[in-house]
Amino acid sequence: MSGSSLDALEERYDRILREHGSALRRVAASYEREPARREDLFQEICLAIWRALPHFRGEASVRTFVFRIAHNRGLTHRSRRSPAFGDLDAAAQVADPRPDPEREALAGQRRDRLRAAVLALALPARQVLTLALEGLSQKEIGEVLGVSENVVAVRLSRARATLRGILGAGRGEGGMAGEGREAAGSPAGGRTHDED
Amino acid sequence: MKTENDRELRGWMDEWRDNPAPAAEARAAILRHVRRRSRTLALVSAGELVVTVLLLAMLGTLLLRAREPETIAVVVAGSVLAVGALVLSTWNRRGTWRPSAETTEAFLEISVLRCRRSLRAVRYAYGIMVVEALMLVPWLFIGIRRHPDRRPFGHDPYIYYGALLAIVFGAATLGCRWYARRVRRERRALQDTRRDLVS
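So the sequence lines, in the order shown, correspond to chains A and B. The first sequence begins at 1 in the numbering used here and counts up one residue at a time. The second sequence begins at 1 in the numbering used here and counts up one residue at a time.
Rather than coming from a laboratory, the hints here were simulated on the basis of the structure. Built from N, CA and C at the ideal position, the CB exists for glycine as well. Among the hints, a few may not be true.
[Unchecked claim] Once the Cα atoms are required to be at most 20 Å apart in a straight line, the calculated SDA-like pairs of lysine to any residue come out as:
(1) A:K139 / B:Y158
(2) A:K139 / B:A106
(3) A:K139 / A:V154
(4) A:K139 / B:A163
(5) A:K139 / B:T103
(6) A:K139 / A:L167
(7) A:K139 / A:T64
(8) A:K139 / B:R10
(9) A:K139 / B:D6
(10) A:K139 / B:M13
[As the list claims (entries may be wrong)] Stretches of chain B that chain A covers, calculated by requiring three or more beta carbons in the stretch to come under 8 Å of a beta carbon on chain A:
(11) 11-21
(12) 33-46
(13) 105-113
(14) 190-196
Between the sequences and the hints, there should be enough to build the whole structure, so can you do that?
Structure, rendered in structure tokens:
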């Protein structure tokens, strides 16, 4: 690769990180709860984007391209992870019955609660919901995941209902108690995440 | 999806996106990291070719020094096997490159295919080990019979070379089994994911 094309590539890459870097971190967070492994996943996503970027010919939007790679890396991470890790601690976090008033007072508590609740969703629901929360249209979500808009609409509707249930149950019980159970009872996106 | 009219989703989006974009310094660090990792991955990808070239160079040197016909035969057969293994490995990976920007569905399909190919590569590796053993054992046997006075490091040559072969092939077999188990687990997880996403 010549110096000028490498510079152009680096500039493009930097723009992607500037515009989507925080979203990529959130995608990583939707697949991995443990901070060190989440950071590893984020770096894997960044690496995959860097390696795929020279072959990107603009067939889809940059946003679609970036989210496809991020979710695909997330799936690889999930499939290679030891079954003993990850899911259980996420479920434990969501289903922790102990109220914690000090934590309740923290500024990021609502965000953390939302993220824990999203992480508790089953994978199909979690994927569409996280993409919707990033502001992607149903058409774009379909392009990222390779499913029709109808499928996206159905999954999103169920995911929202499940999430509403989880968050509602959390508020009702003074914490996140029962959220895992709520998720488990829902028809779609219902199982507490990553039961495989 | 009319986000602007959807207060619930809007509220969740605000909470969800409550983390800052990486600063210029952090982006530069990420770029340095991915460039370094990219170079490492390129070296690893080229590793198979490099190992084959080194092996062929070593076998070529042996061939120039070889006097006994069985040694010449084993060196030539080893060279053919090394080139064959490289060709087989390259052929086995066809169609599985750069899937990361595909749709999730296509990506999962290629990932499962990659796992199948990896398991096939393990089977090839077992086959190559059998062929190597079939070449090396008679060659060693003939060599020992030809030079009965040679005692490697003072040991009985049958025990010495037998133990050496057992250790090398045993370690390779254990490595293959460990790798195959890991790939099977990954394939199961990918198939479960695909089933989850399709249902």
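Notebook entry, point to check: Has the segment 11-21 of chain B got at least three residues whose CB is nearer than 8 Å to a CB belonging to chain A?
Noted result: Since three or more residues must qualify, the claim that chain A covers the segment 11-21 of chain B holds, with 9 doing so at under 8 Å.
Item checked: Agreement of K139 (chain A) and A106 (chain B) with the hint, judged by alpha carbon distance not exceeding 20 Å -> Answer holds: K139 (chain A) to A106 (chain B) is near 17 Å, not above 20 Å.
Margin query: K139 (chain A) and T103 (chain B) were given as a pair; does the straight-line alpha-carbon distance stay at or below 20 Å?
Written below: Holds - the C-alpha atoms of T103 (chain B) and K139 (chain A) are around 13 Å apart, at most 20 Å.
Note to self: Check whether the Cα positions of K139 (chain A) and T64 (chain A) lie no farther apart than 20 Å.
What the structure shows: It holds: about 10 Å lies between the C-alpha atoms, which stays within 20 Å.
Next item on the list: Given the hint that K139 (chain A) pairs with R10 (chain B), test it: the Cα-Cα distance must not exceed 20 Å.
Entry: holds (18 Å)
Notebook entry, point to check: Has the segment 105-113 of chain B got at least three residues whose CB is nearer than 8 Å to a CB belonging to chain A?
Noted result: holds (count 5)
Check: When you check the alpha-carbon spacing of K139 (chain A) and D6 (chain B), does it fall within 20 Å?
Finding: holds (17 Å)
Checklist line | Satisfaction of hint between L167 (chain A) and K139 (chain A), Cα-Cα up to 20 Å | finding: violated (27 Å)
Next item on the list: Please count how many residues of the segment 33-46 of chain B have a CB within 8 Å of a CB from chain A and say whether that reaches 3.
Entry: holds (count 6)
Notebook entry, point to check: Taking only the CA atoms, is the gap from K139 (chain A) to V154 (chain A) under or equal to 20 Å?
Noted result: holds (13 Å)
Check: Does K139 (chain A) pair with M13 (chain B) here, judged by a C-alpha cut-off of 20 Å?
Finding: Answer holds: K139 (chain A) to M13 (chain B) is near 18 Å, not above 20 Å.
Item checked: Pair hint K139 (chain A) and Y158 (chain B), alpha-carbon separation not exceeding 20 Å -> Judged against 20 Å, a Cα distance of about 70 Å means the pair is violated.
When held up to the earlier numbered hints, the structure conflicts with 1, 4 and 6 and fits the remainder.
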